[in-house]
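Given the sequences, and given the hints that come with them, work out the whole structure.
So the protein sequences, as listed, match chains A and B. The first sequence: position 103 = 103 (the working numbering), numbered continuously. The second sequence: position 125 = 125 (the working numbering), numbered continuously.
These are computed hints drawn from the structure, not numbers from a lab. The structure displayed is predicted, hence computed values, not measured ones. Backbone N, C-alpha and C define an ideal beta-carbon position, used for all residues, glycine too. Certain hints may be false.
[As the list claims (entries may be wrong)] If we take Cβ atoms under 8 Å as the criterion, some of the chain B residues that face chain A in the derived model are:
1) PHE40
2) VAL43
3) PHE46
4) THR47
5) PHE50
6) LEU54
7) GLY61
8) LEU62
9) ALA63
10) ALA66
11) PHE69
12) VAL71
13) VAL162
14) ASP164
15) ALA167
[As the list claims (entries may be wrong)] EDC-like cross-link-like pairs, simulated, lysine to aspartate or glutamate; straight-line CA separation at most 16 Å:
16) B/LYS338 to B/ASP315
17) B/LYS339 to B/ASP363
18) A/LYS161 to B/ASP164
19) B/LYS45 to A/ASP72
20) B/LYS234 to B/ASP303
21) A/LYS106 to B/GLU98
22) B/LYS325 to B/GLU335
23) B/LYS72 to A/ASP93
24) B/LYS158 to B/ASP175
25) B/LYS67 to A/ASP93
26) B/LYS316 to B/ASP363
27) A/LYS37 to A/GLU160
28) B/LYS225 to B/ASP164
29) B/LYS382 to B/GLU124
30) A/LYS106 to A/ASP93
31) A/LYS161 to B/GLU98
32) B/LYS287 to B/ASP303
33) B/LYS356 to B/GLU370
34) A/LYS98 to B/ASP74
35) B/LYS356 to B/GLU138
36) B/LYS133 to B/ASP109
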Amino acid sequence: MHSEFTKIFELIIAASLINNFVFTRFLGLCIFFGVSKKMETSIGMSITFTAVMMISAALSWVVFHYIMFPLDIVFLKIIVFIGIVAGIVQASDTIMRKVAPGLYYKLGIYLALISTNCIILAVPLINAGEHYNFIESLAFGLGSGIGFALALIIMASIREKLELADVPAPFRGMPMAFVITGLIALAFTGFSGLITL
Amino acid sequence: MFNGSIIKIAVIAASLLTCYASAAYAGVGGGVEAKEYVDFTAVLKFTLIFLAGLAAVFGLGLAFAAKRFSVKVDPRVEQVLDVLAHAHCGACGYAGCEQYAEAVVNNPDVSPNFCTPGGAKCAEAVALITGKKAEMREPIFARIMCQGGWSKSAKRFKYEGVEDCRAAVLAGGGDKSCIYGCLGYGTCSRVCPFGAITMNADRLPVVDMTKCTGCRKCEAACPKKVIEVLPASKAVIVACHSKDKGIDVRKHCQVGCIACGKCVKVCPFDAPSISNNLSRIDLDKCKVCSMCVSPCPTNAIVDFIPHRSKAFITDKCIGCLICSKVCPVNAPAGELKKKHDIDAAKCIGCGICTAKCPVQAIDGTFNAIEVFAVAAAKKKKKAEAA
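What follows is the structure, encoded as structure tokens:
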């Protein structure tokens, strides 16, 4: 029991800090740069992202282990996972619009961006590759979501301050954002010694 | 759509599998155990069944969700959304263009002319889609209520921080000795989504009236609340917000209102009034005659009409007497159904009669060319429609 809990905790820490999707694996950069201009949008994006990640991790785990594994067709996982994620996103988009219109107007715009995102696809793929069980898959999804939220919020708070800073003209906007991302990524390598086995 | 794409993918996958039959003996990797031999027909069979099953489940699920959770969206909302200006400026009073489009379609009380950046064209289009009547709304412009540039006003200290009014105001309320005046660090020019505000050499914002849409972004951003958004026709304003006593205003600034009351005495319509050591012009009473501009000892009153050339009546006049009714100084004279005459000595060139004349018979004022062009365009449109 004890070791189970420590493993899940380790997974969350590893996925959010040590193997942070944005700063260590360099996935989802398009959304990272696009949405991190304002704190409000980045928080909305983080919430939507984490939710979709966990749901897609759970659903794709079920499909992978109970259908694809017995049928011996695991090589189809990329296509199937893309389909599953896109399907969930589309369905939640429709349902949210009816059930919670307020939430839809706040977060619905991000859902369309998410449907074919690389981080969302990476979570079930890594889950499948590492042979995680159901709880571990969920934990990995949550950890990745937290990691992405962390990256977005750090970046958004820096970029909001950056608006007032005296940045040399050639570096204004995107170049400066890339430089900052590189520096944060460098800082995040410091987490690599956090868990020693 | 989703269903079809999955089937397409399945067909492609199946054809790929047959093409690379010989390569499939090698291990696949990535969580899949390598195998000596792969039973092709079984794999192909399961693949097709599985993908078809998945596609069916998702297709049916999505179709069910779309049916069960359908939200009726009025097609007119999309049409309205297309014609709006998409500045997302909030000038209409709604959070964004979508919200306004929804409101204007669903709520019969919402007027179609709220989209300020879209202008009259947009209002007409929205009215056409929603079946409402487009009424011309007077355009509004941002007016800078301060003339105290850096050369004309005094400073309390030297500010060397970030070049932004919102930052400067944190340093003890800004570096200007007048606490009501424009700080001149150009925050308004940066927040303007239309590029209508530029900073002049004396560090005062200048509003380009051809670009300004009256969206009120600058009004909200200005930490000193120096900017007011006012109707375009009210072109004579007291460009000062200082509530200091006259003697203090003089110390801080050369062009501030000292509340001497000369404008109150000279105005034929009782528009200006003095309260809290500041003169303010009542826009409902003001006829833009500019008679208060020259008596003002500190030049605090600004006339936004570029030149006040005298009006004269052309042969088109039908003698309706409207001009004599609207004139603030009673310059036009004449009898009904006869050509009128404008007394050049009395005329102040405010252009009100030019704008109001039903047959465009009054020429010579600053706005004549513009008014004639608009009238000609309307006539052309009417002719085309007929």
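For each hint, the structure was consulted:
Annotation: B/PHE40 was flagged as interfacial toward chain A, and the flag is violated, the nearest CB pair being 12 Å apart, outside 8 Å. Below 8 Å, beta-carbon pairs count as interface contacts, and B/VAL43 has one with chain A at about 6 Å; its hint therefore holds. Proximity of B/PHE46 to chain A holds as hinted, the smallest CB-CB distance being about 4 Å (cut-off 8 Å). Evaluation of the B/THR47 hint against chain A yields a held restraint, the C-beta minimum of about 5 Å falling below 8 Å.
Among the interface hints, the one on B/PHE50 holds; its C-beta lies about 6 Å from the nearest C-beta in chain A, closer than the 8 Å criterion. Annotation: interface hint on B/LEU54 holds; nearest CB of chain A at approximately 6 Å, less than 8 Å. Interface restraint check: B/GLY61 against chain A, minimum CB-CB distance 6 Å, threshold 8 Å, status holds. The beta carbon of B/LEU62 is positioned within 8 Å of a beta carbon in chain A (closest approach about 6 Å), and the interface hint is therefore held.
Because the smallest distance between the Cβ of B/ALA63 and any Cβ of chain A comes to about 10 Å, over 8 Å, the interface hint for this residue is violated. For B/ALA66, the interface hint holds, since its Cβ comes within 8 Å of a Cβ in chain A; the closest pair sits about 6 Å apart. Interface restraint check for B/PHE69: the shortest CB-CB distance to chain A comes to about 4 Å, inside 8 Å, so the restraint holds. At its closest, the beta carbon of B/VAL71 sits 5 Å from a beta carbon of chain A; the interface hint therefore holds under the 8 Å criterion.
At a threshold of 8 Å, the smallest CB-CB gap from B/VAL162 to chain A is about 5 Å, leaving the interface hint in force. Evaluation of the B/ASP164 hint against chain A yields a held restraint, the C-beta minimum of about 6 Å falling below 8 Å. Contact between B/ALA167 and chain A, as hinted, is supported at the beta carbon level, the nearest pair being about 6 Å apart and thus within 8 Å. As the CA atoms of B/LYS338 and B/ASP315 are separated by approximately 10 Å, the hinted pair is consistent with the 16 Å bound.
Proximity of B/LYS339 to B/ASP363 is assessed by CA-CA distance (about 14 Å); at most 16 Å being required, the pair is judged to hold. A C-alpha spacing of about 13 Å is found between A/LYS161 and B/ASP164, which places the hinted pair at or below 16 Å, so the restraint holds. The straight-line distance between the Cα atoms of B/LYS45 and A/ASP72 is roughly 11 Å, inside the 16 Å bound, and the hint therefore holds. With a C-alpha separation of about 9 Å, the suggested pairing of B/LYS234 with B/ASP303 holds against the 16 Å cut-off.
Between the alpha carbons of A/LYS106 and B/GLU98 the distance comes to roughly 13 Å, so the proposed pair stays at or under 16 Å and holds. Of the supplied pair hints, the one linking B/LYS325 and B/GLU335 holds, its CA atoms being roughly 12 Å apart against a limit of 16 Å. About 15 Å separates the Cα atoms of B/LYS72 and A/ASP93, which keeps this hinted pair within 16 Å; it holds. Taken as a hint, the B/LYS158 and B/ASP175 pair is honoured in the structure, with Cα atoms around 7 Å apart against an allowance of 16 Å.
With a C-alpha separation of about 13 Å, the suggested pair B/LYS67 and A/ASP93 falls inside the 16 Å cut-off, and the hint holds. For a cut-off of 16 Å, the pair hint linking B/LYS316 to B/ASP363 stands: about 10 Å separates their Cα positions. Pair hint A/LYS37 plus A/GLU160 holds up; C-alpha atoms about 7 Å apart against a cutoff of 16 Å. Our distance criterion of 16 Å between C-alpha atoms is met by B/LYS225 and B/ASP164, whose separation comes to about 14 Å.
In summary, the hint linking B/LYS382 to B/GLU124 is supported, as the alpha carbons are separated by about 14 Å, within the 16 Å threshold. Our distance criterion of 16 Å between C-alpha atoms is met by A/LYS106 and A/ASP93, whose separation comes to about 12 Å. Between the alpha carbons of A/LYS161 and B/GLU98 the distance comes to roughly 30 Å, so the proposed pair goes past 16 Å and is violated. Pair hint B/LYS287 plus B/ASP303 holds up; C-alpha atoms about 12 Å apart against a cutoff of 16 Å.
A threshold of 16 Å between alpha carbons decides the hint, and for B/LYS356 with B/GLU370 the separation of about 13 Å falls inside it, so the pair holds. Annotation: proposed proximity of A/LYS98 to B/ASP74 holds, straight-line Cα distance about 15 Å (limit 16 Å). For the hint pairing B/LYS356 with B/GLU138, the CA-to-CA distance comes to about 14 Å; that is within 16 Å, so the pair holds. Our distance criterion of 16 Å between C-alpha atoms is met by B/LYS133 and B/ASP109, whose separation comes to about 11 Å.
Consistency note: the structure conflicts with the earlier hints numbered 1, 9, 31.
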